[in-house]
Amino acid sequence: MNNISSLDLNLLKVMDALLDERNVTRAAQKLSLTQPAVSIMLNRLRDKFKDPLFVRSSHGMVPTDRALALAEPIKKILSDIGLLIQPIELNPSELELTLTIAANDNDMIVIGLPFVLALKKYAPRVKVAFVSYHKLDVQLMLERGELDLILIDPRNSPPSLYHRVLFEDQYVCVMPQDHPLAKENSLTLEMFCTFEHVLVSYHGGQFYGATDDALHKIGLKRRVALSITSFLLLPCVLEQSDFIAVAPERVARNFKSMVLKEPPVSVQGYTKIMAWHERTHRDRVQQWMRNLMVETCKESS
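For the sequence shown, position 230 matches number 1672 in our numbering, and the numbering has no gaps at all.
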């Protein structure tokens, strides 16, 4: 293909959807078109690019090397055109879209809830979808436009993504109000290591974390009796036992029935960032929403 004027923008949209979905039916649904219409446009694309673009296999449609080479340029073209047609003046109250964010459960509470409440005030027609990212290929989903943002530890973020720091947090010791240690003015290492602990392991099954690293450095060890996958389960577990736990302070502040105390050992804190793809880096709507998230994190600190 050497005549760009003969290329219909709608063909690029179809190609983009087919590259994402690898299935004519799903691509048609994504574009709100009929399956025959997408098939016709795929044939036009094959004619324009002088390449099969997709071949059938036992696993569905497989893109050719030529199709794969077109994927990133097409996404950039569609993104740039989207920027061109955005209004010069951004009016958040008129925005109508869905923002998809990958996050763990405590980030949905600590970051997500204040952000959504602020959105309802300034951009009431924007919807937010939170998804768990532990089993997702977030890099690929960001490239495809299936995700807009990820909330993540900077050590785990793909290096090619843009990012901004949302906050830095420290850890606190958490226990129910009727726990034997709840009335203590401060915790000693002996107290801390005597009682059994609950540890939160996002991937499940782990009994060693940042607290154990800190204790190991001073030659001590705690007793971790239970490993769970969510900080949101902690209040229920602690209220029915004499366990204690170490949790991020921003998360623990939401546990109204719990007592928070400073750990007797210095546990290294952590940083939380939001990260995004080049595809949305210059998008004014996305920039406005990222700025709003930063501001809501500052206000809730």
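Keep in mind that the hints were calculated from the coordinates and are not lab data. As the structure is a computational prediction, the values presented were derived from the model and not from experiment. Be a bit skeptical, because a hint or two may be false.
Unchecked claim - List time: in silico DSS-like cross-link candidates among lysine-lysine, alpha-carbon distance up to 25 angstroms:
1. Lys1563 <-> Lys1518
2. Lys1472 <-> Lys1490
3. Lys1518 <-> Lys1562
Unchecked claim - Between beta-carbon pairs, the in silico distance windows are:
4. Leu1662 <-> Asp1579: 34 to 42 angstroms
5. Gly1711 <-> Thr1476: 13 to 21 angstroms
6. Gln1619 <-> Leu1662: 36 to 44 angstroms
7. Ala1479 <-> Ala1560: 38 to 46 angstroms
8. His1723 <-> Leu1555: 31 to 39 angstroms
9. Pro1622 <-> Pro1534: 48 to 56 angstroms
For every residue, glycine included, the Cβ atom is placed at its ideal position computed from N, Cα and C.
> Gly1711 and Thr1476, beta-carbon distance inside 13 to 21 angstroms?
Replying inline: violated, 54 angstroms
>> A range of 31 to 39 angstroms was offered for this pair. Does it hold for the Cβ distance of His1723 and Leu1555?
In response: violated, 26 angstroms
>> Taking 48 to 56 angstroms as the stated bounds, is the beta-carbon spacing between Pro1622 and Pro1534 within them?
In response: holds, 51 angstroms
> Has the given pair, Lys1563 with Lys1518, been kept, meaning a C-alpha gap of at most 25 angstroms?
Replying inline: Violated. Lys1563 to Lys1518 sits at ~32 angstroms, over the 25 angstroms cutoff.
>> Does the beta carbon distance between Leu1662 and Asp1579 stay inside 34 to 42 angstroms, or does it fall outside?
In response: Holds, since Leu1662 and Asp1579 (Cβ atoms, about 39 angstroms apart) stay within the stated range.
> Within a Cα-Cα threshold of 25 angstroms, do Lys1518 and Lys1562 meet the stated pairing?
Replying inline: Distance of about 30 angstroms is beyond 25 angstroms: violated.
> So does Ala1479 sit 38 to 46 angstroms from Ala1560, Cβ to Cβ?
Replying inline: holds, 40 angstroms
> Has the given pair, Lys1472 with Lys1490, been kept, meaning a C-alpha gap of at most 25 angstroms?
Replying inline: holds, 23 angstroms
> Okay, Gln1619 versus Leu1662 on CB: inside 36 to 44 angstroms?
Replying inline: violated, 27 angstroms
In this structure, the earlier hints numbered 1, 3, 5, 6 and 8 are contradicted, and the remaining ones agree with it.
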